[in-house]
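Novice: What follows is each chain in one-letter form.
Number of protein chains: 2
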Amino acid sequence: MIYVIGIGPGSKEMMTLEAINAMEDADVIVGYKTYINLITEFIEGKEVVQNGMRQEIDRCKNAVEIAKTGKKVAVISSGDAGIYGMAGLILELVSKEKEDIKVKIVPGVTASIGAAAILGAPIMHDFCHISLSDLLTPWEVIEKRLRLAAEADFVVCLYNPRSKGRSEHLAKAFKIMGEFKDGSTPVGIVKDVGREKQEKFVCTFDSMDFERVDMTTMVIIGNKSTFIHEDQMITPRGYTV
Amino acid sequence: MIYVIGIGPGSKEMMTLEAINAMEDADVIVGYKTYINLITEFIEGKEVVQNGMRQEIDRCKNAVEIAKTGKKVAVISSGDAGIYGMAGLILELVSKEKEDIKVKIVPGVTASIGAAAILGAPIMHDFCHISLSDLLTPWEVIEKRLRLAAEADFVVCLYNPRSKGRSEHLAKAFKIMGEFKDGSTPVGIVKDVGREKQEKFVCTFDSMDFERVDMTTMVIIGNKSTFIHEDQMITPRGYTV
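So the sequence lines, in the order shown, correspond to chains A and B. Position in the first sequence (from 1) plus 28 gives the number in my numbering. Position in the second sequence (from 1) plus 28 gives the number in my numbering.
I should point out that these hints are in silico values taken from the structure, not numbers from a laboratory. Quick caveat, the model's predicted, so the values are computed rather than measured. Think of the CB as a built atom: it goes at the ideal place given N, C-alpha and C, for glycine as much as any other residue. Honestly, I wouldn't trust all of these hints.
Claimed, not checked - Computed Cβ-Cβ distance ranges for the label pairs, DEER-style: (1) Trp167(A) to Gly80(B): 34 to 40 Å; (2) Asp128(A) to Glu125(B): 43 to 49 Å; (3) Phe208(B) to Leu164(A): 19 to 25 Å; (4) Thr97(A) to Val76(B): 48 to 54 Å; (5) Glu227(A) to Ser212(B): 27 to 33 Å; (6) Asp128(A) to Gly80(B): 43 to 49 Å; (7) Asn49(B) to Asp259(A): 40 to 46 Å; (8) Thr268(A) to Glu75(B): 34 to 40 Å; (9) Phe208(B) to Phe255(A): 28 to 34 Å; (10) Asp162(B) to Phe208(A): 20 to 26 Å.
As the list claims (entries may be wrong) - Capping the alpha-carbon separation at 25 Å, the derived lysine-lysine pairs in BS3-like fashion look like this: (11) Lys252(A) to Lys252(B); (12) Lys100(B) to Lys130(A); (13) Lys40(A) to Lys130(B); (14) Lys132(A) to Lys96(B); (15) Lys40(B) to Lys40(A); (16) Lys40(A) to Lys100(B); (17) Lys132(A) to Lys40(B); (18) Lys124(A) to Lys172(B); (19) Lys130(A) to Lys200(B); (20) Lys130(B) to Lys219(A); (21) Lys228(A) to Lys192(A); (22) Lys228(A) to Lys219(B); (23) Lys130(A) to Lys219(B); (24) Lys40(A) to Lys132(B); (25) Lys172(B) to Lys252(A); (26) Lys130(A) to Lys124(B); (27) Lys228(A) to Lys225(B); (28) Lys124(A) to Lys252(B); (29) Lys130(B) to Lys225(A).
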C-alpha cells in the first residue's frame, strides 16, 4: 500500500485531515529531506527514508520496493502530490510491476493556492500553472506556453521560477509575456508559503525585481482586470459591486 | 472579522485543519445552501445565513454587514475560496467600507486537485483552469482561452462545464480545442468529487459523451503525453522510468 500525500505548503494548519490520517497510518515515510523536516511530528516511531533533490526516481523506486514487503508507505510531496509532485512517478512505476500494489493519492493545497490566500484573491478567474524548470521539459515548450498563456490573458502562476543554475529563466519568461502583459499588470510574490520565513511582495510587471525570487517562491502574474488595493492583489470574477 | 473558507470538494477528510478551526471559531456561517449541507456538523449552535445560486453579491454583502456588528463570520465556498469562490467578492466589498474589517482567506483543495487524485495523476504537468460559464465572462474570451490553451498543449481543467441553461458550451469547447487536441487525447471526468455520489469515467477526446457532464462535474483534458493505464489517467512529468 502506498499513500502519495500532498502535505500542503508547509504548516500543519494547511494539511488536510486525510493527509494527517494517512501519515499516521503509514509504517514508513519516504520523502525529500526538506519536506521530511516539515512533518517531524508525524514521523515519531516510524521508519524514515529520505534523500536529496533530483533523486525522485530512486526515492519512488524505494517506496515501491518497501510496499512490496507488505508495509504501508507514505510518499510525501509538498503542496499537492499530483502537481509537479510524486503521484505520476509512483503510478508509472507501479504500472510496470507484476504485483498488485494499491496506491492512494491524497490531495493537498498546492503552492499557488496557498500563495493566493496570502496575496488576496489573485486567481479568482481562469489561470494556469507553468514550471520554469527545463530539467524535464524542453525550454521551447515552456516559452510557447508562456507566450500563449499571456496572449490568452490567463493569470499565470510560475512554479520553480528561479534557481542558482537557472537564474535567467524568470527574466526571460517576463520578456516573453511582456508582448501581451501590460507593464502595469500586478504581480504577487510569496516566499516560503506557510513556513516560518514567509514573505510577501506585490509589485507591477514592469517593476519586478527578479533577485527577490528563488526556488521556494511563488510568482503570480495578474490578468487585464487584476488590481492592487493596499497590499492585496485581487482579480475580479466579474460581479458588479 | 470574516473568514473566507474553502471547504474542499465536499468530504470532511479533504478539509484543512485551518478550515475546520475557522468554522469552529466563527459565530455566524454564511453560504450557498448546497455547501451548508456539506458542513452540518460544524454549524451546530451557530447562526446560519444561507441562500441560493446566483445570490453571491447579497450573500457577501450580508457577511460584511454582520462582521460590522463585531461577530466573527465564516463565508463558505466549496473547493478553494480563491478559485471561482467568494474571496474576491468579499475583498472587493470590504475595500469599499470605511471601517476596518479583518479578512482571512483560508485556502482549500479545489475541484481539479480533488478530481485529479481520483483519476490518477492527470495534472502533473503545466495545466490551466477555464470556466465555461459566460454569466460573468464574455463567451469570446472563453473561446480564445480554450483555443490558446489547446495550442499551448496545457492539460485543461474545465469548471462549470455544463448546466441546463448552457448545455451546448461543453461540445462547443471541445470543437474549439479539437483544432489542437488529438482525438486520442485522454479525458477524465469526475462527478461530485469527494461526495457520496462520486463517479469517475476515463475516455478519449473523440469518444467524449457530453451528456454525462453536469454542473458538479470536473472535466480534465490531457496533454500530448497523457496516457491511460487501466482506469487511470497519467500525465508524465518527463522522468525516464
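Novice: State for each hint whether it applies.
Specialist: Right, here's what the structure says about each hint:
{"no.": "1", "hint": "Trp167(A) to Gly80(B): 34 to 40 Å", "result": "49 Å, violated"}
{"no.": "2", "hint": "Asp128(A) to Glu125(B): 43 to 49 Å", "result": "58 Å, violated"}
{"no.": "3", "hint": "Phe208(B) to Leu164(A): 19 to 25 Å", "result": "22 Å, holds"}
{"no.": "4", "hint": "Thr97(A) to Val76(B): 48 to 54 Å", "result": "50 Å, holds"}
{"no.": "5", "hint": "Glu227(A) to Ser212(B): 27 to 33 Å", "result": "45 Å, violated"}
{"no.": "6", "hint": "Asp128(A) to Gly80(B): 43 to 49 Å", "result": "46 Å, holds"}
{"no.": "7", "hint": "Asn49(B) to Asp259(A): 40 to 46 Å", "result": "24 Å, violated"}
{"no.": "8", "hint": "Thr268(A) to Glu75(B): 34 to 40 Å", "result": "28 Å, violated"}
{"no.": "9", "hint": "Phe208(B) to Phe255(A): 28 to 34 Å", "result": "32 Å, holds"}
{"no.": "10", "hint": "Asp162(B) to Phe208(A): 20 to 26 Å", "result": "22 Å, holds"}
{"no.": "11", "hint": "Lys252(A) to Lys252(B)", "result": "29 Å, violated"}
{"no.": "12", "hint": "Lys100(B) to Lys130(A)", "result": "43 Å, violated"}
{"no.": "13", "hint": "Lys40(A) to Lys130(B)", "result": "23 Å, holds"}
{"no.": "14", "hint": "Lys132(A) to Lys96(B)", "result": "44 Å, violated"}
{"no.": "15", "hint": "Lys40(B) to Lys40(A)", "result": "16 Å, holds"}
{"no.": "16", "hint": "Lys40(A) to Lys100(B)", "result": "23 Å, holds"}
{"no.": "17", "hint": "Lys132(A) to Lys40(B)", "result": "17 Å, holds"}
{"no.": "18", "hint": "Lys124(A) to Lys172(B)", "result": "39 Å, violated"}
{"no.": "19", "hint": "Lys130(A) to Lys200(B)", "result": "38 Å, violated"}
{"no.": "20", "hint": "Lys130(B) to Lys219(A)", "result": "23 Å, holds"}
{"no.": "21", "hint": "Lys228(A) to Lys192(A)", "result": "21 Å, holds"}
{"no.": "22", "hint": "Lys228(A) to Lys219(B)", "result": "36 Å, violated"}
{"no.": "23", "hint": "Lys130(A) to Lys219(B)", "result": "23 Å, holds"}
{"no.": "24", "hint": "Lys40(A) to Lys132(B)", "result": "17 Å, holds"}
{"no.": "25", "hint": "Lys172(B) to Lys252(A)", "result": "14 Å, holds"}
{"no.": "26", "hint": "Lys130(A) to Lys124(B)", "result": "52 Å, violated"}
{"no.": "27", "hint": "Lys228(A) to Lys225(B)", "result": "40 Å, violated"}
{"no.": "28", "hint": "Lys124(A) to Lys252(B)", "result": "21 Å, holds"}
{"no.": "29", "hint": "Lys130(B) to Lys225(A)", "result": "23 Å, holds"}
The structure fails to meet hints 1, 2, 5, 7, 8, 11, 12, 14, 18, 19, 22, 26 and 27 from the earlier list, while all remaining hints are met.
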